[in-house]
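Given next are the chains, with one letter for each unit.
There are 2 protein chains.
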Amino acid sequence: MSGASAPAHRVRGRRPPQGEPVVDRALSLLAAFDAGHRSLTLGELSRRSGIPPSSALRLANRLTAWGALERGDDGRFSVGLRLWEVASLAPRGQGLRQVAMPFMGDLAEVTRQHVLLAVREGDEAVLVERLSSHHAMPVLYRVGGRLPLHSTGVGLVLLAFADPAFQDEVLARPLVHEPEKVPVAPDALRRTLAEVRRQGMATVRRASPAPLVTVAAPIFGAEHRVVAALSVVVPRGGAEPRQLGPAVRTAARSISRMLGAH
Amino acid sequence: MSGASAPAHRVRGRRPPQGEPVVDRALSLLAAFDAGHRSLTLGELSRRSGIPPSSALRLANRLTAWGALERGDDGRFSVGLRLWEVASLAPRGQGLRQVAMPFMGDLAEVTRQHVLLAVREGDEAVLVERLSSHHAMPVLYRVGGRLPLHSTGVGLVLLAFADPAFQDEVLARPLVHEPEKVPVAPDALRRTLAEVRRQGMATVRRASPAPLVTVAAPIFGAEHRVVAALSVVVPRGGAEPRQLGPAVRTAARSISRMLGAH
Chain A
30 MSGASAPAHR
40 VRGRRPPQGE
50 PVVDRALSLL
60 AAFDAGHRSL
70 TLGELSRRSG
80 IPPSSALRLA
90 NRLTAWGALE
100 RGDDGRFSVG
110 LRLWEVASLA
120 PRGQGLRQVA
130 MPFMGDLAEV
140 TRQHVLLAVR
150 EGDEAVLVER
160 LSSHHAMPVL
170 YRVGGRLPLH
180 STGVGLVLLA
190 FADPAFQDEV
200 LARPLVHEPE
210 KVPVAPDALR
220 RTLAEVRRQG
230 MATVRRASPA
240 PLVTVAAPIF
250 GAEHRVVAAL
260 SVVVPRGGAE
270 PRQLGPAVRT
280 AARSISRMLG
290 AH
Chain B
30 MSGASAPAHR
40 VRGRRPPQGE
50 PVVDRALSLL
60 AAFDAGHRSL
70 TLGELSRRSG
80 IPPSSALRLA
90 NRLTAWGALE
100 RGDDGRFSVG
110 LRLWEVASLA
120 PRGQGLRQVA
130 MPFMGDLAEV
140 TRQHVLLAVR
150 EGDEAVLVER
160 LSSHHAMPVL
170 YRVGGRLPLH
180 STGVGLVLLA
190 FADPAFQDEV
200 LARPLVHEPE
210 KVPVAPDALR
220 RTLAEVRRQG
230 MATVRRASPA
240 PLVTVAAPIF
250 GAEHRVVAAL
260 SVVVPRGGAE
270 PRQLGPAVRT
280 AARSISRMLG
290 AH
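Quick note, the sequences are listed as chains A and B, same order.
For what it's worth, the numbering used here labels the leading residue of the first sequence as 30, then goes sequentially.
For what it's worth, the numbering used here labels the leading residue of the second sequence as 30, then goes sequentially.
If you want a taste of the chain B side facing chain A, the calculated C-beta under 7 Å gives, among others:
1. V51
2. L56
3. L59
4. F62
5. W95
6. S107
7. V115
8. A116
9. R121
Far from chain A by the CB rule (all over 12 Å, computed), these chain B residues:
10. S83
11. F190
12. A201
13. A217
Read the hints as simulated data drawn from the structure, not as lab findings.
Quantities reported herein were computed from a predicted structural model and do not represent experimental measurements.
Note that the Cβ used here is the ideal one computed from N, Cα and C, for glycine as well.
Please build the complete structure, drawing on both the sequences and the hints.
Printed below as a string of C-alpha cells:
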C-alpha cells in the first residue's frame, strides 16, 4: 500500500555520467520531479538532477520555452501542461484509460469506494487511473504513482499473468511486504500467483493505512495478453470479496472486450 | 465543437531551423504525435518532425531508452508511459484534475451526459478531464485535446475571466464559428463575455455534431484568479440550461473552495 511512498527512483536524482548527451540531461531534469517535489527552485532542480546550475538553467529555459516545464511567479519550475498534452497520447496511459473509464465509473457507483486501473512498467505497477468517492477511506494511491507487484491486488494480477521468465526474475529477488518489512517467501508467492491465475482474480487483505480488502482482475488486450489490471479497494468489513469478485471480473471483461480481446 | 479536429499545430510538423539545439529536436520528435497519429514509423517520425531519419532514429532511441517513447513489436514508436508518469505531476493537469474529480463525478451522476474540465493554454482551451456516461450523446472532445476559446462553453468562461489585454488581443483577430465558418462579430463576442462575467456562467447552443447545450462556470484558484472552467454538455431538449446552471456553478464553487479560493 505504498503508491505515493515508494516510487522508483532509478533515474531520479542520479548523477549523469560525464559526457552524457544533452537529451539525457534534459530528461534528468524532468525526472527531478516526483509526487513529493512538484515544484522546484533552480537550485533544487540542479541538485536533484545532478546537473550544474548554469547548465540546468539553460536546459530548463529551453524546456520552458517549449512548455515541457512551466515557471511560476515565484520562479519555481513545475511540469508543464504541454508535456501533459503530449503524454496524454501514450497508448498505455490515456488510451487505455479512455476505454476503461465508463466501466470504472459503473464499478465506483456500485462499490462507493476506490476503483484502480494499473499497468506493468518494468518491475512495478503504475496507477493509470483511480476513481474514489468523497467518503471513501483514505488510501495513498496516486495516479501516475507506482505500486509493488508482489503485495498489491493489481500488482499480483500483473505478475501472475506476466511471462514465466519475468516471474522467475522477480521471485529470485529478496521481497518484503511494506510497511511491516515482512519477507516474502518465494514458494508462497508462487502458490499465490497460481491461485490468481486459477481464480482469474487476486484478493489481498492489508492492515495499513487502514484495514482493507482489494479484489483485482486482469484486463486482456487484442493478443490475449494481460495489458492491465482493475481493482476495487474497500474497507475491511465493508463488502465481502465474494460479492466484489464478480463485479470486478465483469467490468474487467467488458474493458477487455472493448480492447479487442475474445 | 472541434476538440479532436482542431489541435494547435504550432510546433508539430514544423521544420526546426538549422543548428537548433538537440533538446529542441528531441522535443520536436515528441510533438510529431497527435490524436490522429498515436503511433509512428521512423519514416513518419522523421517527416513529421522535419529531422533526417538517421538523426531521428538516434534521438528516438535515447527517448525510448528513458521511456519517453515506446517501440512496439511492429517497430512503430508511440508516447511512453514514463513520460506520462512525469506529466502526471503537472499542477495544471493531474493536480487540478485530482481535486475536481469527485465533484465532476457528482455532476456526471446528476446530468448523465458529459462533464468537462478545461484550462487555458495560450489562445486555446485544453481539455484536462472528461467524464461521460455510456449512453451519452457522441461528442468529439478528447482529454489532452484543444478547444477554441470563442465558441465553446469552457472557452468563453476562460476568455471572459482572462485579463483584459489578452481579451483585446483575441478580439482583434478574425474569428469564425466552426464548423459553419460563420465569422464572429467582435462587438457581439464582447457583449457575450460581459454577460458571462455578470451571470457567472456561459451557455452555448450548438447544432453539430448533434443539437446540444453547454453550460460552463469558472473555477477560481487561491488568488481569486480563474484557473479552469467546468461544463456539462447535454443534448438539446434534454435538460434546461436553467436547471443545469445551478448544478454546474455549485460544483465549480466546491472545486474552487478546495483550491483555496474564498
